[in-house]
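Given next are the chains, with one letter for each unit.
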Amino acid sequence: MQPGRVAITGVGETPMVRASKQSLLEMTVEASLAAIADAGLRPQDIDGFVVNRNSHSADELGFAMGIERRPFSAITDTVGGTGPTGSALTLAQLAIEAGLCRHVLVPYGFQATRPGGPYGFHSREPLKADLEMPVGFFGQATYFAAMANRYAHEYGLSEEQLAAVSITFRKWATLTPGAQKREPMDLDAYRASPMISTPFRVADCCLMTDAGAAYVVSRADAAADAPHPRVLVQGLGLGTTGYPQSIMFTQPASIFDYPGRESAAQAFAMAGVGAKDLDLAQIYDGFSISALVQTEQLGLCDEGQGGRFYAEGHAMPGGRMPVNTSGGHMSGGYLPGITLLIEGVRQLRGQRGEAQVPDAKLCAVTGLGGNSHATTILARS
Amino acid sequence: MGIPIQPPRFDTDLLKPFYEGLAKGELWLTADAETGAWIWYPPEIVPGRPHATLAWRRASETGVVYTFTRVERSLLPGDHKAEVPFTVVLVEPDDAPGCRVPGLFVAADEASVACGLKVRLHPVQAGDHVVAGFAPA
Chain B
0 MQPGRVAITG VGETPMVRAS KQSLLEMTVE ASLAAIADAG LRPQDIDGFV VNRNSHSADE
60 LGFAMGIERR PFSAITDTVG GTGPTGSALT LAQLAIEAGL CRHVLVPYGF QATRPGGPYG
120 FHSREPLKAD LEMPVGFFGQ ATYFAAMANR YAHEYGLSEE QLAAVSITFR KWATLTPGAQ
180 KREPMDLDAY RASPMISTPF RVADCCLMTD AGAAYVVSRA DAAADAPHPR VLVQGLGLGT
240 TGYPQSIMFT QPASIFDYPG RESAAQAFAM AGVGAKDLDL AQIYDGFSIS ALVQTEQLGL
300 CDEGQGGRFY AEGHAMPGGR MPVNTSGGHM SGGYLPGITL LIEGVRQLRG QRGEAQVPDA
360 KLCAVTGLGG NSHATTILAR S
Chain W
0 MGIPIQPPRF DTDLLKPFYE GLAKGELWLT ADAETGAWIW YPPEIVPGRP HATLAWRRAS
60 ETGVVYTFTR VERSLLPGDH KAEVPFTVVL VEPDDAPGCR VPGLFVAADE ASVACGLKVR
120 LHPVQAGDHV VAGFAPA
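Residue numbers (numbering that gives the first Met the number 0), protein chains in the order written: chain B, 0 to 380; chain W, 0 to 136.
Check each hint, because a few of them may be wrong.
To be verified - Some chain B residues close to chain W (C-beta under 7 Å, calculated; not the full set):
hint: 1; residue: E131
hint: 2; residue: P133
hint: 3; residue: A188
hint: 4; residue: R190
hint: 5; residue: A191
hint: 6; residue: S192
hint: 7; residue: I195
hint: 8; residue: T249
hint: 9; residue: P251
If you are wondering where the hints come from, they were derived from the structure by calculation, not from laboratory data.
For each residue, glycine too, the CB sits at the ideal point set by N, CA and C.
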């Protein structure tokens, strides 16, 4: 894959809400139509789909949007934040570079309030049902809290440092219309947040969100007359570990060693840039600890220095490396990965009003999901 | 301390020997039947060796806490408000380093839990079943 061959030309989403009255299909279609319109296209211009394996098929979405001709469609095999970011972009770029299509739609819908909620798929794992659930080791907040305690053991991590991650993203959310949590949060407010699983408070966790989001990936030369500045895909990287979902929270040599360095190295190599060249980053924040570790893995600070990086305010508005400038998933809303990618596009277009990072030209977006990790480098054309 | 009441589901009999061991105060894990190397948790297929079989092997009842968390809001399906708080540990048995066994932390002072703490198997009665528990050694 070559840098700069495809561009993200359209983005769209529905309001981020705790519980929507809309169906998953309605939200996904509404967001898709918004993204297509944002690209200056009509639904019939879409000739490729990359859908998520946990969402609606291209058949159903195409039918709902009146799209009959569909020479390319694919399903991402990765989960969480990886699927709708790096994995979907990789498939879209491969198809576009191969000449199969010109405008690929990546639609995504998510309902945290669906039956079973976000924990349902873990409870279906027989090994978890037999070994972990009987002792209460269950649910993402508990798994990642255990990672945080191990990280603290290995590198040191104060309450203030961990809190700084949540406080930073909340600060950006206060500047973002449509963010789910916009009330200001300082250390006292953080400490008032209910404890879930030590050291995690509610404020350390991503939100429960119902919404749809989508973006359009276009052949770069087919995007020349798009209504907004082109945002080019300069780098793509995908890392994986060998651990399946059933054991990845307990048995890896290190339970917080996500394959983020691997994905970042690939993405930077493809883009021909390094971490020092970035103007800002959107980092997958399922939880404060996972954002902190990925910040290190992306190279924004040294290993073991993530807590200090956030506590010193580098990721805050006005800081040297703004991170999660729409509030991320912990304060903005949780549509895994895709809303971070959309925020990166809007920043590079210069559309972010109060939260605009001055002269933003290069943005990294990361996604973590299961045992996979994606890093994407976006650039203003 | 609270005790979560969530019996093992036993979709299959695979993990029953683990619980039969706990009932006797013993810790049994799975290993490669041929080489004796620990393979934990028991996978449906031994990685890279699809025709290999697993055997149960008794592990040391003493070990070290790899990590922990004190659960104040249980995320288990159903209503578990009355069962919190409890502290969960992942323990590496002394003779099976790298194999992590989830269990409840049993101590008068639950705040004494820490990574690296030496612990001993201390099965816990949870309703009408027994689950893994570990107490300071």
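Going through the hints against the structure:
1. For E131 (chain B), the interface hint holds, the least distance from its beta-carbon to any beta-carbon of chain W being 5 Å, beneath 7 Å.
2. Taking 7 Å as the C-beta contact cut-off toward chain W, the hint placing P133 (chain B) at the interface holds, the least distance being around 5 Å.
3. The beta carbon of A188 (chain B) comes no nearer than 18 Å to any beta carbon in chain W, farther than 7 Å, and the hint placing it at the interface is violated.
4. The closest approach between the C-beta of R190 (chain B) and any C-beta of chain W is roughly 14 Å, which is over the 7 Å cut-off, so the hint fails.
5. Checking A191 (chain B) against chain W by beta carbon gives a least distance of about 14 Å; that is not within 7 Å, so the hint is violated.
6. Using the Cβ-Cβ criterion of 7 Å, the hint placing S192 (chain B) at the interface with chain W is not satisfied: the shortest such distance is roughly 12 Å.
7. Because the beta carbon of I195 (chain B) sits about 5 Å from the nearest beta carbon in chain W, less than 7 Å, this interface hint is met.
8. A distance limit of 7 Å between C-beta atoms decides the matter here; for T249 (chain B) the minimum to chain W is near 5 Å, and the interface restraint holds.
9. Interface restraint check for P251 (chain B): the shortest CB-CB distance to chain W comes to about 9 Å, outside 7 Å, so the restraint is violated.
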